[in-house]
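Can you make the complete structure from the sequences, with help from the hints?
Protein chains in written order, with the working numbering: chain V, 1 to 242; chain E, 1 to 205; chain L, 1 to 205; chain B, 1 to 221; chain G, 1 to 221.
Hints listed in this document are in silico derivations from the structure and should not be mistaken for laboratory results. Errors might be hidden in some of the hints.
As a list, the in silico DSBU-like pairs of lysine-lysine whose alpha-carbon atoms are at most 35 Å apart [stated by the list, open to error]: (1) E:Lys86 with L:Lys86; (2) V:Lys153 with L:Lys86; (3) V:Lys153 with E:Lys86.
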Amino acid sequence: MIPAPAFLANPERFMAFSRWAAPMFAAIAIALALAGLWLGFTAPDDYQQGATVKIMFIHVPAAWMSMFVYVCMGVASFLALVFRHALADAAAQAAAPLGAAFTALALVTGSLWGRPMWGAWWVWDARLTSVLVLFLFYLAYMALRASLDDEAKAARAGAILALVGLVNLPVVHWSVTWWNTLHQGASVFRKGGSTLAPVFLTPLLLMGLAYMAGFGALWLVRIRGEVWRRRAEAAALRAARA
Amino acid sequence: MITRLEIEGLALARGGRRLFSRLSLTLSAGEACALTGRNGAGKTSLLRAVAGLIAPEAGRIGFGDLDAAEARASGLHLLGHLDGLKSGRTAREELDFWTRWNGGTAEAATEAARRLEITPLLDLEIRRLSAGQRRRLALARLLSAPRALWLLDEPLSPLDSDWRARFGEIMAEHLAGGGLILAAIHDPLPIPARAVDIRADGAAA
Amino acid sequence: MITRLEIEGLALARGGRRLFSRLSLTLSAGEACALTGRNGAGKTSLLRAVAGLIAPEAGRIGFGDLDAAEARASGLHLLGHLDGLKSGRTAREELDFWTRWNGGTAEAATEAARRLEITPLLDLEIRRLSAGQRRRLALARLLSAPRALWLLDEPLSPLDSDWRARFGEIMAEHLAGGGLILAAIHDPLPIPARAVDIRADGAAA
Amino acid sequence: MSPALELFAREVRLAWGRGGGPMVSVGFYAGVATLLPLATGPEPARLAAVAPGMAWIGLALAALLSLDRLFERDYEDGALDLITLSPMPLELTCAIKCLGQWIATGAPLALAAPIAAIALGAPLALAPLIFASALVGGLAFAFTGGIGAALSLGARRGGLLTAVIVLPLFVPPVIFGGGALDAFASGLPWRSGFTLLGAYAAAAVALGPVAMAAACRNALS
Amino acid sequence: MSPALELFAREVRLAWGRGGGPMVSVGFYAGVATLLPLATGPEPARLAAVAPGMAWIGLALAALLSLDRLFERDYEDGALDLITLSPMPLELTCAIKCLGQWIATGAPLALAAPIAAIALGAPLALAPLIFASALVGGLAFAFTGGIGAALSLGARRGGLLTAVIVLPLFVPPVIFGGGALDAFASGLPWRSGFTLLGAYAAAAVALGPVAMAAACRNALS
Ligand code: HEM
Ligand SMILES: Nc1ncnc2c1ncn2[C@@H]1O[C@H](COP(=O)(O)OP(=O)(O)OP(=O)(O)O)[C@@H](O)[C@H]1O
Ligand SMILES: Nc1ncnc2c1ncn2[C@@H]1O[C@H](COP(=O)(O)OP(=O)(O)OP(=O)(O)O)[C@@H](O)[C@H]1O
Ligand SMILES: [Mg+2]
Ligand SMILES: [Mg+2]
Chain V
1 MIPAPAFLAN PERFMAFSRW AAPMFAAIAI ALALAGLWLG FTAPDDYQQG ATVKIMFIHV
61 PAAWMSMFVY VCMGVASFLA LVFRHALADA AAQAAAPLGA AFTALALVTG SLWGRPMWGA
121 WWVWDARLTS VLVLFLFYLA YMALRASLDD EAKAARAGAI LALVGLVNLP VVHWSVTWWN
181 TLHQGASVFR KGGSTLAPVF LTPLLLMGLA YMAGFGALWL VRIRGEVWRR RAEAAALRAA
241 RA
Chain E
1 MITRLEIEGL ALARGGRRLF SRLSLTLSAG EACALTGRNG AGKTSLLRAV AGLIAPEAGR
61 IGFGDLDAAE ARASGLHLLG HLDGLKSGRT AREELDFWTR WNGGTAEAAT EAARRLEITP
121 LLDLEIRRLS AGQRRRLALA RLLSAPRALW LLDEPLSPLD SDWRARFGEI MAEHLAGGGL
181 ILAAIHDPLP IPARAVDIRA DGAAA
Chain L
1 MITRLEIEGL ALARGGRRLF SRLSLTLSAG EACALTGRNG AGKTSLLRAV AGLIAPEAGR
61 IGFGDLDAAE ARASGLHLLG HLDGLKSGRT AREELDFWTR WNGGTAEAAT EAARRLEITP
121 LLDLEIRRLS AGQRRRLALA RLLSAPRALW LLDEPLSPLD SDWRARFGEI MAEHLAGGGL
181 ILAAIHDPLP IPARAVDIRA DGAAA
Chain B
1 MSPALELFAR EVRLAWGRGG GPMVSVGFYA GVATLLPLAT GPEPARLAAV APGMAWIGLA
61 LAALLSLDRL FERDYEDGAL DLITLSPMPL ELTCAIKCLG QWIATGAPLA LAAPIAAIAL
121 GAPLALAPLI FASALVGGLA FAFTGGIGAA LSLGARRGGL LTAVIVLPLF VPPVIFGGGA
181 LDAFASGLPW RSGFTLLGAY AAAAVALGPV AMAAACRNAL S
Chain G
1 MSPALELFAR EVRLAWGRGG GPMVSVGFYA GVATLLPLAT GPEPARLAAV APGMAWIGLA
61 LAALLSLDRL FERDYEDGAL DLITLSPMPL ELTCAIKCLG QWIATGAPLA LAAPIAAIAL
121 GAPLALAPLI FASALVGGLA FAFTGGIGAA LSLGARRGGL LTAVIVLPLF VPPVIFGGGA
181 LDAFASGLPW RSGFTLLGAY AAAAVALGPV AMAAACRNAL S
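Shown next, in the form of structure tokens:
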């Protein structure tokens with residue numbers, strides 16, 4: 001999913017690649033999502049959770065993406081900070097609102113699911129709280145970038161913050177193991193294989209891939225937009241000074 | 001509009017120490033006065049007293065037959081070391097704000113920016129301006145809202161020699177239009193001006 | 001100790017705009033250089049680049065055969081428009097702190113204060129100092145911790161004429177002791193100095 | 001635009017910054033509301049009991065955080081000198097600054113307060129009252145907080161000093177507003193508390209600027 | 001005195017101000033502790049349950065209030081330029097600034113925290129643990145808060161932006177410390193929470209200065 005940075009580091013090559021890659025990812029995302037939703041909604045109801053289990057196909061991939069996007073942002077920030085690469089910075093900046101959206105989706109769907117399952121919209125356990133903190137990190141990143149005017153400085157400050165925020169990711173993932181949470185433990189990616197029945201696992205994984213491809217498409221489009229915006233601003237600056 | 005500045009027997013003290021006393025000075029429309037004096041003599045304090053920011057220990061500061069509070073409120077510009085420009089805002093935001101605050105028009109602001117050649121810099125944040133550019137922005141405020149009495153504290157210092165001369169022309173125009181200038185300086189002013197030297201005993205020369 | 005400053009083919013850019021390129025300049029122990037140039041030419045930026053605060057776009061800044069980071073860390077003084085003095089602290093607190101921070105001794109601080117005649121002002125808060133007094137306090141830092149290379153940004157501006165001459169003597173002594181001075185100025189320096197004019201195309205004269 | 005409007009716009013912009021202004025306030029609020037259950041333990045019953053109160057405390061503290069610099073920056077960079085040299089009375093100028101502060105930070109916070117309180121478990125029916133009292137309370141906080149900000153001009157440590165001057169002035173609105181919320185939640189008459197809050201805010205708006213102007217003049221002289 | 005000690009003394013003095021330094025912090029604390037019962041209603045049972053947690057929130061917010069300017073003043077008046085021109089690594093300089101902040105405001109607050117909590121009805125036996133965790137937590141707050149303060153240098157609105165950056169970093173120590181207090185109060189094992197708090201503080205002390213130094217260099221360039 002993370003495009004080979006060395007190949008795409010060249011903006012021209014990136015623009016050429018993303019011009020056709022973005023629509024392709026979008027098409028894949030739609031196809032996978034249709035398949036996943038079909039299989040998911042024809043799957044039998046869970047014997048414990050009843051029909052509410054269907055929220056899982058929306059919630060779990062969104063929760064995965066909330067972390068995955070942050071990893072992408074972290075890697076891009078690292079590249080931007082160490083190699084001062086403008087495209088990597090554009091990628092980090094473009095990822096933040098997407099990550100925030102996935103996190104918000106995970107929070108909202110989890111909360112909708114929590115009401116029937118736990119009898120409360122929200123509990124302050126470690127999993128839920130650490131996801132909220134993740135959301136706050138996305139907000140803080142965007143707020144920081146928005147309030148620094150010098151692009152280069154905003155890029156580096158944002159990158160430092162994104163790297164600092166990486167420490168929260170292990171907490172999100174292992175919170176269910178480290179603390180005694182209401183949220184259920186890992187059942188898909190765990191030692192000893194998944195405990196989920198294949199009727200649920202297949203559509204879940206399909207939805208996971210669909211989210212991934214959808215993110216890929218949106219990310220590429222947003223990076224392109226960012227590149228265009230920066231080019232336009234540079235041109236305006238040159239024009240103003242000339 | 002202020003047409004006269006009358007300072008009579010003025011004494012100023014800062015932090016319990018008398019800076020000078022018996023300073024008298026009259027300035028009429030079209031005249032400039034260059035205040036000189038050693039560092040710490042009280043030039044800045046005198047300008048602030050004329051602007052009404054600090055109260056004199058003795059003596060009187062009058063503006064012809066205008067009411068002092070009114071004359072100060074809309075008749076004078078003060079330009080000091082601290083120029084009141086916010087480092088995080090853009091030059092345009094600051095110029096527009098101060099122009100309107102001082103009752104000037106948008107056209108006057110544009111014209112002032114043109115005159116001081118800061119038009120291409122208007123979209124930069126203040127903190128990115130060089131010292132001379134920043135001073136020119138502060139000077140643009142003088143032109144963007146016409147007021148008769150200019151109180152200038154070392155107005156020339158960060159300007160390059162070309163701009164010192166050009167600001168001299170601007171001051172000369174202001175005087176020709178009936179303005180008054182009271183400037184504290186260490187370098188000579190590029191316009192003819194009455195020289196007043198501030199000394200602790202008695203005063204002016 | 002820094003005995004040479006070598007600038008070769010330097011190009012600086014700020015905010016995406018190239019200020020100057022191909023600036024070369026060599027300064028040896030005992031030499032002073034006066035940087036002139038229009039407002040916004042890049043004098044302040046050049047001083048900050050020599051101090052290592054901003055990275056050059058191209059070219060090299062070297063300090064003889066010293067390691068650049070080490071030479072900068074303990075070999076130079078930077079004096080700018082922003083003098084790093086806290087308005088709420090007393091002059092003594094600030095002078096003592098900066099002296100020790102720069103590795104100077106208490107005696108050197110006392111001697112520097114005496115030399116710049118700020119001893120009676122030491123217990124005042126910085127905000128109460130006049131512009132020239134405040135600048136003298138900033139200059140006292142140069143003497144309180146001996147460092148070879150002085151980077152001075154318009155050092156003379158708020159000083160009165162007497163103090164300009166006296167600071168000239170101080171600079172001459174520093175040079176005589178093997179120091180180097182790189183000063184950005186608009187008024188002529190009161191000591192013999194190589195003149196370098198900063199211009200956008202090519203560079204120096 | 002008149003100078004008054006112009007000043008108002010400047011204050012709002014200074015408080016918001018370019019882009020993302022209200023988001024920052026709201027994020028701050030969300031953070032404060034997050035810390036509380038973490039610190040006190042997550043039992044819903046406990047939390048629900050203190051939720052409306054915490055929404056209040058959060059409001060007061062956010063006001064403190066942002067008020068701190070209401071006058072200080074203008075004082076330190078000389079803008080306050082120039083602002084006083086104007087036909088507009090300094091009292092009005094100070095009032096406009098406080099009003100700008102209120103619109104820029106108080107209003108978004110008032111919108112976020114009911115959300116935070118409900119997330120902590122307060123009953124849904126409380127939301128309108130929380131919003132209304134946060135709005136009125138924010139006005140009181142802005143105008144009393146401004147007094148503290150003006151008084152601590154030129155002091156060595158603005159931040160905490162402002163807080164210490166201002167906290168006693170924040171006590172009555174917190175009592176009135178908290179009382180009204182508490183009464184509403186337990187089905188008691190709540191109007192009197194809310195009326196007192198409004199009266200306090202009105203008094204602050206009327207008298208605060210006089211004190212602020214006097215404190216500013218004193219700091220400048 | 002070595003430059004490090006000298007810087008430390010300067011930071012403590014800047015944070016304290018001349019005279020009445022710690023008193024001001026403690027007064028702030030007392031104010032926050034007073035507002036809570038006013039806002040939530042004075043029922044002792046309610047209060048006692050949240051008292052230790054509130055002591056925590058107060059600590060975190062006081063840290064926010066004072067951190068805001070840790071670097072900003074030095075940045076705006078040019079002192080940061082001169083401070084970086086020194087043989088001392090900038091990382092160490094930043095660490096010393098945070099340490100000074102902690103001694104000047106964190107330590108007095110840690111002393112006041114148990115008193116405030118007990119006044120609100122927490123059991124007396126909790127006092128030593130509240131003090132210890134406030135002390136260690138204050139260290140974590142100082143070093144993580146410094147990151148926010150350094151990152152928001154040159155931004156348009158320091159205060160609230162710092163808060164937004166810093167709050168997510170404040171969440172873990174609040175969880176660990178609050179959890180330990182809660183566990184102790186209910187007779188459960190509390191050591192693990194306290195150990196985690198200590199570990200977080202240690203990590204913040206080790207890694208925070210690196211991020212701060214990078215952020216400062218970025219702001220100066
Ligand atoms: C707002 C509330 C919730 C949040 C923020 C949340 C967050 C998350 C996160 C971040 C993950 C990914 C964990 C990982 O891969 O490391 C996840 C997975 C999952 N969540 Fe939730 N969740 C919430 C509510 C719920 C509820 C109510 C249920 C159902 C009872 C639920 C069931 C699941 C399941 C089955 C998984 C997949 C477990 C795995 O294999 O890792 N979640 N959730
Ligand atoms: N707020 C104050 N409190 C106490 N003393 C002050 C205050 N402001 C200024 N002073 C003192 O008053 C004297 C005159 O200061 P002022 O700034 O008027 O001098 P100046 O003539 O402008 O000097 P310069 O040429 O250095 O700018 C100085 O000795 C200064 O220390
Ligand atoms: N941080 C920055 N970001 C963008 N542009 C900047 C920044 N700092 C300075 N500049 C621009 O770089 C140019 C050079 O500035 P510099 O301060 O070096 O000039 P200078 O030669 O010292 O001028 P002066 O004589 O006015 O002090 C100016 O046009 C200025 O606007
Ligand atoms: Mg002066
Ligand atoms: Mg310059």
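Which numbered hints are broken by the structure, listed smallest first?
-> The structure conflicts with no hint, since it agrees with every one listed earlier.
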